[in-house]
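Input sequences plus hints: build the corresponding full structure.
The primary structure of each chain is shown beneath.
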Amino acid sequence: MNFWKDPIQVTADWLMSLFTGWGMAEGLANVLISLLGIVILVTIMLVIDILLVWIERKVVARFQDRLGPNRVGPFGLIQPFADIIKLFIKENITPVGVDKVVYNLAPVLSVFSVLILWAIIPLAPVIIGVDLNVGLLYLVAAGAIGTLSIIMAGWSSNNKFALLGAFRQVAAMISYEIPMVVALLIPTVLAGTMGMLGISEAQQGMWYVFLSPLGALIFLISAVAELGRAPFDLSEGESEVVAGFHIEYSGMKFGWFYAGELLHAFTFGGFWGILFFGGYHFFGLENWGPLVAAAIVLFKALLGYWVIMWIKYTLMRIRIDHMLAFNWKFLVPLSLVVLMVTALLNTLLRGASVWILFLSMFLANALIAWITIEILRGRSRIAREKVEGSAQPVVESAHH
Amino acid sequence: MIPLSWYLILSAALFSIGLFGVLARRNAIAILLGVELMLNAVNINLVAFWRYLDPVKITGQVFAIIVFAVAAAEVAVGLALVISVYRNRKTVVADELDMMKW
Amino acid sequence: MTILFLITAVVILASAVMVVTSRNLVHAALWLVSALFGVAVLYALLNAGFLAVVQVVIYIGAIAILFIFAVMLTRREMRDTGPGLNKNWWVSALTSILTFGGLAFLLSSWSGFSQTPAAIPSGFDAVSALGDALISPDAFVLPFEVASVLLVAALVGAVYIAFNPRAGDSPRAGDSPRAGDSPRAGDSRK
Amino acid sequence: MTTETINTLIWLIPLPPILAFFLIVLLTNRSKALSHTIGVGAAALSFLGSMAVFIQAIGKEHLGEDPFGNSIPWLPTGDTWFNVGVLIDPLGAAVLFFVSITIFMIFLYSVGYQNFGQPKGDHDRPGLPPHGATVTDELGHKHTVLSVEPMYSRFFAFLALFAFGMYTLVVSDNLLTMFVGWEIMGLCSYLLIGFWYGKESARNAAIKAFMTTRIGDVFMLLGISFLYSATGTLTFREIFTEEMLHALATTATPILGLSAAGLIALLLFIGTIGKSAQWPLHVWLPDAMEGPTPVSAMIHAATMVSAGVYAVIRMFPLLTADFTGHGLTTAMSVVAFIGAFTALFSATIAVAQNDIKRVLAYSTISQLGFMIAALGIGAYVAAAFHLITHAFFKALLFLGSGSVIHGMEHGVLHTGNHKVDPQDMFNMGGLRKKMPITFWTFLIGGFALSGFPVITAGFWSKDEILADAFGHGHWAVFATLAIAAFLTAFYTMRQITLTFLGEPRTEEAEHAQETPWTMTVPLMVLAFFAITYGWVGIPEHFPVLGGLIPNWFHEFVGGTLAEHPEAVEFSWIPLLTSLVVALGGLFFGWLVYRNVNSPAEDKLQIPVLKNKWYFDEAYDFLFVKPAYWFAETFIYKWMDTGVIDGILHAFGKVTAFLGTSIRQYIDKLIINEFMGDGTARVTQWFGGRLQPMQTGRIQQYMLASLGLLIVIGGLLFSMLVR
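Chains W, L, Y and G supply the protein sequences, listed in that same order.
Quick note on numbering: this note's numbering labels position 206 of the first sequence as 206, and the sequence is numbered without any gaps.
Quick note on numbering: this note's numbering labels position 64 of the second sequence as 64, and the sequence is numbered without any gaps.
Quick note on numbering: this note's numbering labels position 106 of the third sequence as 106, and the sequence is numbered without any gaps.
Quick note on numbering: this note's numbering labels position 397 of the fourth sequence as 397, and the sequence is numbered without any gaps.
Keep in mind that the hints were calculated from the coordinates and are not lab data.
All values derive from a computational prediction rather than experimental measurement.
Quick reminder that beta carbons are idealized off the backbone N, C-alpha and C, glycines included.
A hint or two may mislead.
Examples of chain L residues lying across from chain Y (beta carbon under 10 Å, computed) [unchecked claim]:
#1 Met1
#2 Trp50
#3 Gly60
#4 Gln61
#5 Ala80
#6 Ile83
#7 Ser84
What follows is a set of in silico ranges between Cβ atoms, one per label pair, in the way DEER data are often shown [what the hints assert, rightly or not]:
#8 Leu6(Y) / Ser34(W): 11 to 21 Å
#9 Pro95(W) / Ser114(Y): 48 to 58 Å
#10 Ser122(Y) / Val31(W): 23 to 33 Å
#11 Ala118(Y) / Val31(W): 17 to 27 Å
As a list, the in silico DSBU-like pairs of lysine-lysine whose alpha-carbon atoms are at most 35 Å apart [said to hold, decoys possible]:
#12 Lys160(W) / Lys90(L)
#13 Lys199(G) / Lys433(G)
#14 Lys312(W) / Lys58(W)
#15 Lys419(G) / Lys120(G)
#16 Lys160(W) / Lys90(W)
#17 Lys87(Y) / Lys312(W)
#18 Lys87(Y) / Lys90(L)
#19 Lys312(W) / Lys100(W)
#20 Lys90(W) / Lys100(W)
#21 Lys312(W) / Lys329(W)
#22 Lys419(G) / Lys610(G)
#23 Lys433(G) / Lys610(G)
#24 Lys86(W) / Lys58(W)
#25 Lys90(L) / Lys329(W)
#26 Lys101(L) / Lys87(Y)
#27 Lys142(G) / Lys419(G)
#28 Lys312(W) / Lys160(W)
#29 Lys100(W) / Lys90(L)
#30 Lys100(W) / Lys87(Y)
Now the structure itself:
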């Protein structure tokens, strides 16, 4: 059991022997070790967070056909540190009439809700915080805490725009939670367990994205909505609600919010990778060692993060009622149908080989997609006629 | 290990605090908060009994789940009522909502 | 373990007391959240992992937020006014203490009062067992279905009651009462 | 004709009148002509039937032992049947003969009397006698003429019913149907006397007649029922058997020491007193003159009154059941006394009457007294003989007076002065020139009544009675009857002189006219019989005429009873007395009244006689007033208002008292106060106390319920766990 095969266990034993050496109680030692584990994980995450800031600014620039920060350090690598220092230096203004306790607690909670997510991400078969058998639910619970932080922020800053923005954001997050949960159910059904390790292991042969592409797509959309980014970032809509719930926050408090948000996006990218793209599986590469597997997971997370940024900087903002209507009238029914179909097929073809399973599932998903598109085209034609009157059909009939 | 009595005492305390909340608070929503506390106390009891008496039979947990569902439904309807009362009466103070007085 | 239990117990009871006594309703709601958090931890202590997470998702995720929404919607001014407790609150206090005493006495007189936790058989997966119980016809499928019906009914009912066709879905926040706008019975502004 | 057809013929005799009665009443009372033809036709049919039966009866010897007639079972009396039938024995045949003739004559006469064919009266109302109609002849003169009777057909209907009653009485073979006929005639007398019911006096007279006859009928019924209970049968043949009569004669009865037979006879006799208007019950006959004259003729001459005598003759064997030849039994002496006294008594009254019909009425009563007296002394053949002759000449006298009155009405209408009473004799006088036929027939009738020797029938029958009375040595009866005969002759002559002789005293008498043929023909027929019928019963050993015509009547009627009554030997004294009495009376009557022109001059207008010995007033005082008093004060005032109403009022008061006290103490006090308001107050009080509980504040409810929970929980716990 050398270090490279099972780094966590090895270090844990080493530390244990160390502490017991110092005459510490067994239990106390255990607690200390787990605390240490947590600290390490959190610091790694925060470092990545800083990296993300840089990546974010570079990728956005690239999308907008510009270079992005390249003055500070090679390729602008030092730019994030410059930003952070700037935030640190800025004065932490706490407006009057603010509900102090709640006002200050809000940014902490938002980062907290993201960091606790990493406890269940399986970087490698052996490297994992804790393998809860209710992993996916844990993900949803963390989301709930995120919502709470936004509300606290919005309400405590004693600013109408903040409150309104917070409520909009919360409404969106709550409604998109449902398609997300249903989307999460699909890998659970396929893997048979909610534990993240279980799901990753189950994707040994076939990545779930191929079994239910629609499920992946729904998860992505709801994740983006959950983050409150890109097409759904109505809370920061400059024109309507100024800066959303973190208007009154300045300095490092805003910094925490900003960092939390970035990390949240990165985490959901990671989840996307794990749930639908096989986690640390990369055609046998993961067997080399846990660290390689971790690298694979991080790489997939970055890819997911890139996709999310890609969506963010290409699509325009959607109105709040369109967004909610889209969710309730389109996404929820679609996700339920997909879930039912996959569950049905999964139980029916339990014994069959993976390829048959793949073919049937893929075809089913294609079929569902085609049907929904047909319904949408029909619905849109009616809507168009209503709007443009009867002019349109005349033209069409002229063609034939 | 922790004996069952601690949990029971804890839930009883939580229950009576919730009860006090229900009986003493003026605001209708605060009353609902109190109700929530009481329901949680019940849940603690249920899970404690499940855990301490016979973990294999998970009826305790099923009960808890059902209580969850009921609590959620209750809160939803309760709050809806309170909101419509507010809309009609411009107040949510329980003492003022005494139309059913003789 | 016992330390953890004690800490959470204290947290729960303190936050419960704060919920009950705090004048500002939003604070009360937040304290409720912390209490629920404590209860979730208790579930975790009792090896009911699934319940803990479900508790967090449902209570904190939905119900607490619902409360905060409700509080927001039903406030005349942002500030809360008047005393938190109604006049004869001490009677309520007395009764609740009495109930606590009664319950405690009852429970203590119960035989299995100070029982030690039973051993969990190895390989016993509470979540799957729960899943089976909820689905298998001879166990709890009927209550499960009835619960679903209940939820749907509650959903429809809540929407119907709260829905206000004229003023969109939420009354104008901060709808300060006009002078002399006494709560007319059967206010027919609809 | 075989006896079979005769028997059915007898049954059929009473039928035509009753059919006529129903036909007229039900169908033809609208047309006067049709009604009177039906009436007269029915009378004719019965007359012919009677004549046929009479001829057969005469032709058959030993009719007494073997009379015509049969009987049929009618009423079921337990296991035996009560038989009803018809019987024609010599007495029946003789009576049937004169009854049918007189009835037929009266029917004919009343056609004329009721002025058939005259115009309708101007203001005639039914129920009042016609007052004449003004007629304008071709010259335009207006003069009043007699008007037809408005209730013409009704009159004939009652006459027919009356005839039916008489016929049933005559032909019936038992007392019951006889009594039925008796009652029908009582009813018809009421109806006919009160025919002009418009007049107050007619109504009173009808009621008076009916009441008095009824009193008699009651006693008769008593007698019949006593007879029935004693003998078990009412048919004559069965009663008059030897052993039955002997049984009746021997059984004594507590009353007056009479034997059963005597008592029954007396009771039946009282019926006759009522019906034939003998002394105590005679008051109704004079008032019965209110009815039209044919009625008075019918009732008071021919039929009804004679029915009474006929009944006694029928019951003669019963009367004389224990008669041993010489001393009269008490019953017979009573009958004789009543008969003789009535004869004398009514003759005295008749002398003082001014109304032509009232004189005849009293004379009828006295003649009936003669017959009853004859029966009383045992001479039933003489009584029957006098009955028949009297029927003829009295009917003749009545119809004559009818035509006199009719003539006088011509005069009254002629002068138009209606105040003159056409019936008062002092308004008449000298009518022999105006009405010759009526005068002569009336004269014959008068002489027959007063017993003008040899020629008239009256002489023979009255002489027969006087001879019997003298022969059997009943001097008192003989003397009274002789005086009565004298008075009869006297008032008859008074009547004739006042109406016919002398000069017409009033203007109306001047214009009296002879009545039409329909009235004068019956007068002549009756006059013929009034004379000839006497010769049928001349006793053999009568000095001159003895053997000429065999005494048919004596053999024939004598045969009704088993043993023939032996004819009394002839002696001169009764003959002489009857001659003296008759001629003296006539001469005296003419002498006294030759030139008397007004009631003032009439010395015999003694108030006592004029007012009928004040019998009406006496009866009024004795019976009517007490009856009124009894009804008015005793029943009404004392019993009704006093006792019964008293009881009722007492009940009323008691219940009122109960009612008020219940209301006062139970209803008001307990139910309203205590129960009603009380419960209301209690509930109100509770309501008030409990109302604050419902404060509407939900938390208080929760508190209360929780508190309760704790309390109950604690209690339960403490109880259960211990």
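Structure-based check of all given hints:
Against a cut-off of 10 Å between C-beta atoms, the interface hint on Met1(L) holds, since the closest Cβ of chain Y lies about 6 Å away. Residue-level restraint check for Trp50(L) holds (minimum Cβ-Cβ distance to chain Y is 7 Å; threshold 10 Å). Among the interface hints, the one on Gly60(L) holds; its C-beta lies about 9 Å from the nearest C-beta in chain Y, closer than the 10 Å criterion. The beta carbon of Gln61(L) comes within 5 Å of a beta carbon in chain Y, closer than 10 Å, and the hint placing it at the interface holds.
Interface restraint check for Ala80(L): the shortest CB-CB distance to chain Y comes to about 4 Å, inside 10 Å, so the restraint holds. The criterion of a C-beta within 10 Å of any C-beta in chain Y is met by Ile83(L), whose closest approach is roughly 5 Å, and the hint holds. The restraint placing Ser84(L) at the interface with chain Y holds, with a minimum CB-CB distance near 5 Å, inside the 10 Å limit. Checked against the given bound of 11 to 21 Å, the beta carbons of Leu6(Y) and Ser34(W), roughly 19 Å apart, stay inside it.
Under the hint 48 to 58 Å, the C-beta atoms of Pro95(W) and Ser114(Y), about 53 Å apart, fit the expected range. Between Ser122(Y) and Val31(W) the beta carbon distance is about 24 Å. The supplied range of 23 to 33 Å therefore holds. Checking the proposed 17 to 27 Å range against Ala118(Y) and Val31(W) shows it holds: the Cβ atoms sit about 26 Å from each other. Our distance criterion of 35 Å between C-alpha atoms is met by Lys160(W) and Lys90(L), whose separation comes to about 21 Å.
The suggested pairing of Lys199(G) with Lys433(G) holds, with an alpha-carbon distance near 33 Å, which does not exceed 35 Å. Taken as a hint, the Lys312(W) and Lys58(W) pair is honoured in the structure, with Cα atoms around 14 Å apart against an allowance of 35 Å. With a C-alpha separation of about 22 Å, the suggested pairing of Lys419(G) with Lys120(G) holds against the 35 Å cut-off. With a C-alpha separation of about 24 Å, the suggested pair Lys160(W) and Lys90(W) falls inside the 35 Å cut-off, and the hint holds.
Between Lys87(Y) and Lys312(W), the direct Cα distance comes to roughly 55 Å. Violation of the 35 Å bound is thereby established for this hinted pair. Proximity of Lys87(Y) to Lys90(L) is assessed by CA-CA distance (about 21 Å); at most 35 Å being required, the pair is judged to hold. Of the pairs offered as hints, the one joining Lys312(W) and Lys100(W) holds, with about 33 Å between alpha carbons and a cut-off of 35 Å not exceeded. About 19 Å separates the Cα atoms of Lys90(W) and Lys100(W), which keeps this hinted pair within 35 Å; it holds.
This hinted pair checks out: Lys312(W) and Lys329(W) have alpha carbons roughly 23 Å apart, not beyond 35 Å. For the hint pairing Lys419(G) with Lys610(G), the CA-to-CA distance comes to about 22 Å; that is within 35 Å, so the pair holds. Restraint check for Lys433(G) and Lys610(G): satisfied, since their Cα atoms lie roughly 30 Å apart, inside the 35 Å limit. A threshold of 35 Å between alpha carbons decides the hint, and for Lys86(W) with Lys58(W) the separation of about 19 Å falls inside it, so the pair holds.
Distance check on the hinted pair: Lys90(L) and Lys329(W) sit about 33 Å apart at the alpha-carbon level, within 35 Å; holds. With a CA separation close to 18 Å, the supplied pair Lys101(L) and Lys87(Y) stays within the 35 Å bound. With a C-alpha separation of about 21 Å, the suggested pairing of Lys142(G) with Lys419(G) holds against the 35 Å cut-off. Between Lys312(W) and Lys160(W) the CA atoms are separated by roughly 27 Å; this keeps the pair inside 35 Å, and the hint holds.
Between Lys100(W) and Lys90(L) the CA atoms are separated by roughly 29 Å; this keeps the pair inside 35 Å, and the hint holds. The straight-line distance between the Cα atoms of Lys100(W) and Lys87(Y) is roughly 30 Å, inside the 35 Å bound, and the hint therefore holds.
In this structure, the one hint that does not hold is number 17.
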